[in-house]
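Asker: Build out the structure end to end from the sequences listed, making use of the hints.
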Amino acid sequence: MADPSKPKPNLDHPTFGLVKGSFPGKTFRATEFRGQSTLIVEPADLHAVMEFLKEGGGYNFLSDVIGIDYQNYPSPVIGRFAVVYNLVCFDRDDRFFVKVFLDPSIPTAGIEEDPALWLDSVTDLWPGAEWTEREVFDMFGIRFRNHPDLRRILTWEDYPAHPLRKDYPLRGRGEREAYKVVDRSDT
Amino acid sequence: MPFTLRPDQGLDVDAESTAYLRGHVDTGDRWVLNFGPQHPATHTTLRLVLELDGERIARCTPHIGYLHSGFEKLGEHLDYNQYVTIVSRMDYLSPIHNDITWHGAVERLFDIGITPRCKAVRTILNELARIQNHLLCVGAAGLDLGAFTAFLYCFNPREKIYDIMDYVFGQRFHPDGTRVGGMMQDIPDDGVFARMVRSFLHDDLEQAVRDCEILLNRNRIFIERTRGIGHLSKEDAIAWSISGPMARASGVRRDLRKDMPYLCYQDNWDGQGAEAVKFQVPVSEGGDAYARFLVRVEEIKQSIRIIDQLIDNIPKGPMDAFVDSKVVKPPKRDVYGSIEGLIQHFELIMTNRGWKAPIGEAYGWNEGPNGEQGFYIVADGSPRPWRVKTRPACFINYSVMQKLTEGHMLADIVAILGSINIVAAELDR
Chain A
1 MADPSKPKPN LDHPTFGLVK GSFPGKTFRA TEFRGQSTLI VEPADLHAVM
51 EFLKEGGGYN FLSDVIGIDY QNYPSPVIGR FAVVYNLVCF DRDDRFFVKV
101 FLDPSIPTAG IEEDPALWLD SVTDLWPGAE WTEREVFDMF GIRFRNHPDL
151 RRILTWEDYP AHPLRKDYPL RGRGEREAYK VVDRSDT
Chain B
1001 MPFTLRPDQG LDVDAESTAY LRGHVDTGDR WVLNFGPQHP ATHTTLRLVL
1051 ELDGERIARC TPHIGYLHSG FEKLGEHLDY NQYVTIVSRM DYLSPIHNDI
1101 TWHGAVERLF DIGITPRCKA VRTILNELAR IQNHLLCVGA AGLDLGAFTA
1151 FLYCFNPREK IYDIMDYVFG QRFHPDGTRV GGMMQDIPDD GVFARMVRSF
1201 LHDDLEQAVR DCEILLNRNR IFIERTRGIG HLSKEDAIAW SISGPMARAS
1251 GVRRDLRKDM PYLCYQDNWD GQGAEAVKFQ VPVSEGGDAY ARFLVRVEEI
1301 KQSIRIIDQL IDNIPKGPMD AFVDSKVVKP PKRDVYGSIE GLIQHFELIM
1351 TNRGWKAPIG EAYGWNEGPN GEQGFYIVAD GSPRPWRVKT RPACFINYSV
1401 MQKLTEGHML ADIVAILGSI NIVAAELDR
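Protein chains in written order, with this note's numbering: chain A, 1 to 187; chain B, 1001 to 1429.
In case anyone wonders, no lab produced these hints; they're calculated from the structure. Among these hints, one or two may not hold up.
As the list claims (entries may be wrong) - Here chain A is said to cover these stretches of chain B; the calculated rule only asks that three of the stretch's residues, wherever they fall, bring their Cβ under 8 Å from a Cβ of chain A: (1) 1046–1053; (2) 1378–1384.
Stated by the list, open to error - Covered by chain B, per the in silico footprint, the following chain A stretches (three or more residues, Cβ under 8 Å): (3) 13–19; (4) 48–60; (5) 91–97; (6) 108–118; (7) 156–165.
What the hints assert, rightly or not - Label-pair restraints from in silico Cβ distances: (8) B:Glu1340 with A:Gly79: 42 to 48 Å; (9) A:Pro74 with B:Arg1333: 32 to 38 Å; (10) B:Gly1146 with A:Val181: 36 to 42 Å; (11) A:Arg151 with B:Glu1206: 45 to 51 Å; (12) B:Arg1227 with A:Arg176: 55 to 61 Å; (13) B:Val1192 with A:Asp93: 26 to 32 Å; (14) B:Arg1333 with A:Trp118: 29 to 35 Å; (15) A:Pro148 with B:Lys1234: 43 to 49 Å; (16) A:Gly79 with B:Asp1270: 40 to 46 Å.
Note that the Cβ used here is the ideal one computed from N, Cα and C, for glycine as well.
Answerer: Shown next as structure tokens:
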């Protein structure tokens, strides 16, 4: 479903070639929109690519980690969930995005651990990813291997959903009404 | 919220290299103190679980989310103009810069170039927001350490900024002033606006900053409470994704206004060869709470300089960009005076019409008062964004809190909290 009004992405960002040359035999996808280049990597290659971008690509600053749910997105995408890493190179003042797609293996309404929704944490490369990864876990239920302290951050531990998933309704599922009230007579 | 207590482990900081810990004997006798969620020094709602050895902090575990209200979920159900009322409530110390960041990101997504007049006005408002935010932060840093006078001297001129917002937008606190491709309305009168801003800068603000410097810069109590407290090295600041005045106080020479310029921080912003506004980026090598205070005061002075360059040279012409794509709301006189304007207005306001958004993703940024603020927008072609992710400067700056506090005394918590300038509404969103 190619949109004729959408311009062809301009894929001449030098980092694309750099990554491709350093990881022969691996498959990468690349995209560009409004001058911002995104490299799409396989989940298994994520940590190696990020390490390479930090050490060899000069991207010394991890600005943000972004979770996205593409359920029923009108344009074709290659996975249900995506995690986007917003990288900045101080020397070249260059912003570069790395994206990973993930598909769940179990229904996504609850908070059960899904073995398919795991990624390698980048906290060993950028400790600043600690809270941003926790937020992605909290909001989308994507877990990170080797994360030092993977707890929910904005909602509480037993909140029965990951609220930014698209199958979670805007007004919730009655958590507020059903929440146990603790008054003095209980204690 | 559960937390783990690990009394068998010693202090996380390196006792050999941290001067602050010299002479400290680890007694191994630990007790736990809940700091917050409601405490005057936390300003809003946040909680720290402190594991203490006497009064020495052995471990500090921040818990946030008490003000979480699902801003990003709401963003998926409001259109590109409506969501400005939500983002404005993120960093509420200076609401207007949130609006500027949000619509800057939307305009990047839609590929709309805004008019020179709009750029100049947004730049002035962005700098007023920076002054507004820094004044409160600097004043509150004094307040938390017992210097009540400095707080009042700083808080007073903020009132004048509210008066300016009131004049421009008709709303004091949350003007929600930007719209896609322009502003909510044009400035009623350039001359009055310029007079108000100049009077604020030169009659009130400069004196307040001077007073504040006299009260605090060489104040022995203030210096002893802040110097060497909450030290963050340059390498750590970069590794922990710290941005804004906090990073600059640690010697990181980064300012998005210089490094990835936009609005009037960019050369040729009016299309006729105008130079970027001139200002300097204050950087300190101190890395402690005192250095953060000094950097913020210096940034206020640089903001005055930026506004002075623009306030008398606001370009004439239309405020709103004109584009055919029907995403910019028409001026009110067209809505009431012409059928095309009326139709365009209704096309945008009716929930099932208008908004020919692209299918794509874009990230727009702004150097906010606390650091890099940005929005990553995923658009699906419909009137409402598919996903909006905020890059909240406070949230990411605060993630280093644990590292900053460990090894310090209990009383230093408020000095460190004040120097990071946490706005819990942006922290939790």
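Asker: Now, for every hint given, state plainly whether the structure supports it.
Answerer: Results for each hint:
no.: 1; hint: 1046–1053; result: violated (count 0)
no.: 2; hint: 1378–1384; result: holds (count 4)
no.: 3; hint: 13–19; result: violated (count 0)
no.: 4; hint: 48–60; result: violated (count 1)
no.: 5; hint: 91–97; result: holds (count 3)
no.: 6; hint: 108–118; result: violated (count 0)
no.: 7; hint: 156–165; result: holds (count 4)
no.: 8; hint: B:Glu1340 with A:Gly79: 42 to 48 Å; result: holds, 43 Å
no.: 9; hint: A:Pro74 with B:Arg1333: 32 to 38 Å; result: holds, 37 Å
no.: 10; hint: B:Gly1146 with A:Val181: 36 to 42 Å; result: holds, 40 Å
no.: 11; hint: A:Arg151 with B:Glu1206: 45 to 51 Å; result: holds, 47 Å
no.: 12; hint: B:Arg1227 with A:Arg176: 55 to 61 Å; result: violated, 46 Å
no.: 13; hint: B:Val1192 with A:Asp93: 26 to 32 Å; result: violated, 39 Å
no.: 14; hint: B:Arg1333 with A:Trp118: 29 to 35 Å; result: violated, 57 Å
no.: 15; hint: A:Pro148 with B:Lys1234: 43 to 49 Å; result: violated, 22 Å
no.: 16; hint: A:Gly79 with B:Asp1270: 40 to 46 Å; result: holds, 44 Å
In summary, the numbered hints that this structure violates are 1, 3, 4, 6, 12, 13, 14 and 15.
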